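Colleague: This is what each chain is made of:
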Amino acid sequence: MLVELGYTDIAQGELVDTYARSVFEDTRRNARRYGAMGATIRAHKPRR
Amino acid sequence: MATTRAPVDVGVLRGEIQETYTRVSTDQGRDFIFPTGRAWAEELGYPQPELSRVPEACVASFAGVADPFALGRVEPGTTVLDLGCGAGTDLLVAAQMTGPSGRAVGVDMTEAMLGRAHAGAEAMGLTNVTVHHALVESLPLPDTSVDVVISNGVLDLVPDKGAAFAEMDRVLRPGGRVQLADVVIHTELSEDARARIDLWTG
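In order, the protein sequence lines correspond to chains A and B.
First residue of the first sequence: 4, per this note's numbering; consecutive thereafter.
First residue of the second sequence: 2, per this note's numbering; consecutive thereafter.
Treat the hints as calculated values from the structure; they're not laboratory data.
Among the hints, a few may not be true.
[Stated by the list, open to error] Straight-line distance between alpha carbons at most 25 Å, and here's what the computed SDA-like set of lysine to any residue pairs gives:
#	chain 1	residue 1	chain 2	residue 2
1	B	K162	A	R51
2	B	K162	A	L8
3	B	K162	B	Q19
4	B	K162	A	A14
5	B	K162	A	N33
6	B	K162	A	V6
7	B	K162	A	Q15
8	B	K162	A	E7
9	B	K162	A	R35
[As the list claims (entries may be wrong)] Partner residues are not named here, just some residues of chain A that face chain B (Cβ under 7 Å, in silico):
#	residue
10	T21
11	G38
12	M40
13	G41
14	T43
15	I44
16	A46
17	R50
Here the structure is a predicted model, which means the values were calculated and not measured.
In this text, a Cβ means the ideal position worked out from N, Cα and C, and glycines have one as well.
Isolated chain A (complex conformation):
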């Protein structure tokens, strides 16, 4: 969506295995199943 909006200088940070810290096994299992990870992204709005 950021690309669709024309945002530039898009950078992604390191992935974090957030749900591996869940105390619930079914949450950890669902996260593994769907490859769910915490992520960061930075992008700049064009100056037009």
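Mind docking chain B on chain A? Use the hints.
Modeller: For chain B alone, coordinates are given in the frame of chain A:
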């Protein structure tokens, strides 16, 4: 940007999200399906000393998925918008970074969380923080009034992501930036999975 339709009842989804995050705010000792609290924020590498100054009443409800400040600090004097600010950990970290010449604006749909964020700002003596009870798809802010948009674990919960991104773009000034932390998935979801509320809220 076109709106995007979620394969769930939006009213039910918002109700479930509000219920879950009200519990995160009011029952801080409870185990949730996602990690919470100061130890988790520290493990993510949140900036210090800013994190250490945020009151425990706020950080205990921290439920972020990553650290949006890992991609850069907020510059002094800027206006920062925290989409889905929750109990205010990211908002109050950003407010310290931008300082008294800047502004930190938080928006959230869960009133119990906003109450903690507001009380936290008062406890810290921060006068550059405002919070709004609103949806991220309908922001109560003027066009091009924000320098930096941050968010943490919120956009994945928004049913109409097209509307949320359009609003974010509307309020962000040209040349401004977003620093988002959120959940990504590496598997294409089936329609059945997309319709499961528990996967949205978990």
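Colleague: Next step is simple, just say for each hint if it's right about the structure.
Modeller: Hint check results:
1. K162(B) to R51(A): 23 Å, holds
2. K162(B) to L8(A): Since the Cα atoms of K162(B) and L8(A) sit roughly 13 Å apart, the hinted pair holds (cutoff 25 Å).
3. K162(B) to Q19(B): Holds - the C-alpha atoms of Q19(B) and K162(B) are around 18 Å apart, at most 25 Å.
4. K162(B) to A14(A): Holds: K162(B) and A14(A) sit about 20 Å apart, inside 25 Å.
5. K162(B) to N33(A): 22 Å, holds
6. K162(B) to V6(A): Judged against 25 Å, a Cα distance of about 14 Å means the pair holds.
7. K162(B) to Q15(A): Given that 25 Å is the threshold and the Cα spacing comes to 19 Å, the pair holds.
8. K162(B) to E7(A): Holds: K162(B) and E7(A) sit about 13 Å apart, inside 25 Å.
9. K162(B) to R35(A): 24 Å, holds
10. T21: 5 Å, holds
11. G38: 3 Å, holds
12. M40: 6 Å, holds
13. G41: Holds, because the Cβ-Cβ distance from G41(A) to chain B comes to roughly 4 Å (cut-off 7 Å).
14. T43: 5 Å, holds
15. I44: With Cβ-Cβ at 5 Å, under 7 Å, it holds.
16. A46: Hint holds; A46(A) Cβ to chain B Cβ min 5 Å, cut 7 Å.
17. R50: 5 Å, holds
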